[in-house]
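> Now for the letters of each chain:
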Amino acid sequence: MIFEKIEGPDALNAKNVSGPFFAVQILVQM
Amino acid sequence: MSFVDMIFTKSIRSFDFRVLVLNACLLMAGMLGEPSAILAGEVARTHALLINGGGNRQINYQSHLLHVNRIYGLLGEAGVPGNQISILSADGADPVADMATREVQKETDFWMLSGTRLERTLRPRITYTNSEVGGASLQSATRESLQAWFESAASSLSSGDTLLIYVTDHGTRNKDDPANNRITLWGKEESIGVEEFRELINMLQPTVRVVTVMSQCFSGSFANLIYAKTGDEFPRANLAGFFSSTAKRPAYGCYPENRDKYQVGHSFRFFDALEPGGSLLDAHKEVLFTDRTPDVPFRTSDFYLESILNARAESLGVELDDVVDQWLKKAWRDRENWETEIRLLDRMGEAFGYFSPRFLSELSQHSDALAATGKQLESYKSAWRNAQRSLNRENLDRFLAIRHDWTARLTKEALKPLSEAHRSDLTSELLTDLAAYTKNDSATAERMKLLREKAEATRMASYRAKVREGVVLRMRIMLVSIAGRQYLSQSGTEAQREAYKNLSGHEAFVLRETDESRDHRIVKEPFPSFEDELKIAESSLPGWMGIRFRTLSPQKRGKYQLDDGAVTVQAVFPDSPAQQAGLEAGDIIIGRPGQPFTERDFVREWVMTAPIGETQSLQVQRGENQITLALTPKPYPRKWPSLPGPPKVGSPAPSISSLETFRGRPVEELTQEKPYLLFFWATWCGPCKAALPELMAYEQEHKVTVLSVTDEVAETVDAFLQKHEGPFPEAIVLDESRRSFLAYGVSGTPRFVLVDEEGKIKSFNSGYRASRGLVIEDWKWDKGQVPEGK
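Chains as they are written, first to last, in our numbering: chain A, 100 to 129; chain B, 7 to 796.
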């Protein structure tokens with residue numbers, strides 16, 4: 100999957116990643 | 007350098023010579039030994055083809071050219087005439103820049119910018135240059151050049167000639183056929199696979215000897231070149247070779263040089279070993295303990311012996327490992343026959359702080375423990391690194407908040423026109439000021455020091471674990487090979503013995519006889535024992551609470567007057583300290599009572615560095631109230647517990663009554679005698695937007711209420727709808743705490759959940775592609791019916 104866009108205030112940790120068919124939000128966990 | 011221990015290996019080489027003589031005698035009796043080295047003197051009849059495909063200039067790393075330069079020098083020293091060396095490298099003689107180089111970061115304090123917005127901007131840039139090799143003329147590394155070269159060699163090389171083929175490059179894996187991986191060549195979609203390469207070699211006269219040394223990623227696949235055609239039972243009699251890694255593994259030589267260290271990987275160590283002269287086989291054996299990367303070097307005879315034992319295992323209907331161990335047992339009855347191999351295994355064990363195995367069963371037990379420790383260290387590494395990067399960002403922000411002069415100098419506009427040299431000077435100056443500023447803030451400086459130490463210790467230990475995993479595979483290959491030779495000597499056929507003899511004979515090709523007067527030094531860097539590695543893992547163990555979180559929105563922060571370090575809990579993992587403390591998804595962690603967290607994501611560092619097993623108080627905002635919870639951090643788990651998955655189709659739909667209505671009629675419960683389609687989405691989600699026309703058509707035609715659920719705040723949704731052109735479902739609810747996302751097991755968007763009239767889940771669907779449409783029973787979209795927008 101090729102991701103089109105990475106955004107969010109803290110893209111190095113939490114990320115919003117939108118692909119062509121599906122989008123995910125990567126959250127920080129601890 | 008005090009940590010570097012130089013050792014001389016002259017004595018080992020002369021020992022090998024004695025063993026070689028002994029082995030030559032043993033050859034008469036069976037197949038146990040290695041052949042004695044084939045002496046040089048045929049150097050005048052040696053030809054070399056050096057290939058660096060490169061791909062394109064962005065990925066044609068300088069290390070490739072360094073490899074070509076090194077072997078070109080070695081060939082020259084050995085006396086191979088220049089006109090017998092052909093180099094196919096990138097764009098060949100074209101003077102256009104075809105290679106990427108990057109200076110090594112010179113500022114030792116640069117780590118303070120790691121994770122900040124300046125990291126990318128201020129690190130040395132990649133520059134492009136033309137690749138050149140001594141006075142040699144280069145040809146382009148294309149299929150056409152290769153074809154032309156072999157066409158010419160087909161007539162010019164004759165019986166008694168040796169062709170040495172060296173490949174340094176990128177390689178690609180063929181998942182469908184591991185016996186046919188590819189070497190990257192120069193230009194778009196230019197590459198060559200094992201089968202095509204075999205055809206080129208088949209053009210040569212069959213009496214020309216071919217020896218290959220290949221260090222591209224997944225190079226092991228090219229061991230299949232020993233067969234003149236696919237499916238042959240016996241190898242051809244004129245070819246042997248060495249590979250940096252197996253068909254399934256990348257090779258570390260084909261990574262950018264500044265990824266880890268300068269001049270690492272199989273090729274560099276192979277050439278080091280060839281410096282004093284000797285056979286390629288000797289060089290290979292040395293590489294097994296000097297290549298300190300996860301590479302798994304092996305040779306064609308290893309490959310052939312394994313194939314024989316594999317066939318044996320298959321015919322007996324047993325596992326390969328059992329057959330190998332059975333033959334190893336026989337081999338070890340006469341250990342003196344295997345003294346060279348045992349020494350080499352011991353040497354590898356010693357070099358990598360590991361044990362020296364005698365059976366595969368021992369290795370497999372250890373490799374499981376190794377893989378588990380490796381994974382553990384990998385997760386610690388990421389955790390410490392992320393915490394370190396968070397703190398770097400905070401520190402830089404604080405520095406810039408008081409140093410407006412620097413703020414002005416570091417804007418994109420100010421940095422853009424700077425030359426590489428000016429940017430480098432600016433970086434040095436900035437780091438001097440930033441280091442001085444940080445030193446004055448002793449609490450932060452201490453935290454940064456601790457996090458950096460932990461991040462570094464776990465980064466290095468995690469890499470060493472990968473190296474050890476590679477070493478276990480190297481040892482495995484050696485053991486299989488010993489078993490194979492024992493099998494050949496007792497049960498192999500004459501033809502198999504002959505084939506092995508040919509392979510190992512060509513592997514012993516000598517480019518230049520050993521020059522005992524040349525010092526041959528092996529740099530031995532410290533490599534802790536596996537036991538010490540476990541101690542490092544233990545001392546870097548972070549504390550853990552078991553939550554998923556994100557920074558609180560400015561709106562909520564303003565509403566409850568909370569600090570920047572407040573985070574909203576998105577999920578609580580089962581059986582975690584957070585669950586035991588009573589934390590719930592939707593809670594806002596404020597900090598310790600009376601000491602709110604003031605830095606974004608600080609909660610992570612706090613729990614990582616908190617004493618494990620000691621109960622801490624945590625101040626939490628739950629709804630409109632503040633409560634104090636008692637949290638006892640546990641050790642970071644090897645494996646995180648799983649969060650509950652989505653409810654099953656047919657089960658009651660989880661409640662959504664607590665969600666905030668953004669627009670549309672408030673939904674109390676999903677059992678209101680009409681179906682709902684829950685549409686989990688986000689304003690930044692591309693495929694969610696793509697689904698809207700069909701979603702609107704479905705809502706209108708099926709009289710199903712589409713309820714759009716997002717975890718974003720009202721302001722974000724409002725701004726989105728202001729700009730959005732086109733239809734959007736009327737009913738929108740907000741779920742900032744993501745409770746419903748968790749309840750419905752939504753890991754990504756869009757997610758469509760159809761709930762029937764009785765409030766039961768009828769279907770789940772994830773993702774959207776126009777060609778497939780919404781996958782819902784009794785629904786097919788007629789695209790002509792696009793409804794009006796609201």
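Calculated from the structure, these hints are not laboratory results.
This one's a predicted model, so the numbers in the text were calculated from it and none came from an experiment.
Please note: incorrect hints may appear among the correct ones.
Examples of chain A residues toward chain B, derived with CB under 7 Å [what the hints assert, rightly or not]:
no.: 1; residue: 115
no.: 2; residue: 117
no.: 3; residue: 120
no.: 4; residue: 121
no.: 5; residue: 122
no.: 6; residue: 123
no.: 7; residue: 125
no.: 8; residue: 126
no.: 9; residue: 128
Cβ coordinates follow ideal geometry from the N, Cα and C atoms, glycine included.
> Hint by hint, say whether it matches the structure.
Hints, verified against the model:
no.	hint	in the structure
1	115	5 Å, holds
2	117	4 Å, holds
3	120	4 Å, holds
4	121	4 Å, holds
5	122	4 Å, holds
6	123	4 Å, holds
7	125	10 Å, violated
8	126	5 Å, holds
9	128	4 Å, holds
Violated hint for the displayed structure: number 7, the only one.
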